[in-house]
Amino acid sequence: MDPILAFAKNSGALNSYAAMLIAVFAYFSIFADWVNIPATIAPLLFFAIAIFNYIKLGIKNTTNNQLRDSENPAADKMIMASLAVAEIGGFFILLIGFFVRVLL
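In this note's numbering, the protein residues as written are 1 to 104.
Honestly, the hints are just simulated from the structure, not real lab data.
Check the hints yourself; a few may be wrong.
[Said to hold, decoys possible] In silico BS3-like pairs for lysine-lysine, Cα to Cα no more than 27 Å straight-line:
| # | residue 1 | residue 2 |
| --- | --- | --- |
| 1 | 56 | 77 |
| 2 | 60 | 77 |
| 3 | 9 | 60 |
| 4 | 9 | 77 |
| 5 | 56 | 9 |
Based on the sequences and whatever the hints tell you, model everything.
So this is what it looks like as structure tokens:
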């Protein structure tokens, strides 16, 4: 198996565990659904995008470094920034909602 495809498989397994934790925090969050749903979808969407990108790179056999040899570095920076905001921000919102429910 190509190393990047193996990485995609392992990434899927780790992201599935993270998705279960996100689901638990979303379930116990005190915030309304209109807050919890986007905070849940944002990280899960980027998990899926990352796995599909690993598979695409494995099929194209460009597995050396996906950012170093990029065709569009500016787009990569924008994607990485939005990934950080979506994953960290989404989970942070759910975490706050969880702790507010537990502490109050």
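Outcome of the hint check:
1. 56 <-> 77: Since the Cα atoms of residue 56 and residue 77 sit roughly 19 Å apart, the hinted pair holds (cutoff 27 Å).
2. 60 <-> 77: 22 Å, holds
3. 9 <-> 60: 17 Å, holds
4. 9 <-> 77: 25 Å, holds
5. 56 <-> 9: Given pair residue 56, residue 9 holds - Cα atoms ~13 Å apart, limit 27 Å.
In terms of the numbered hints stated before, the structure departs from none.
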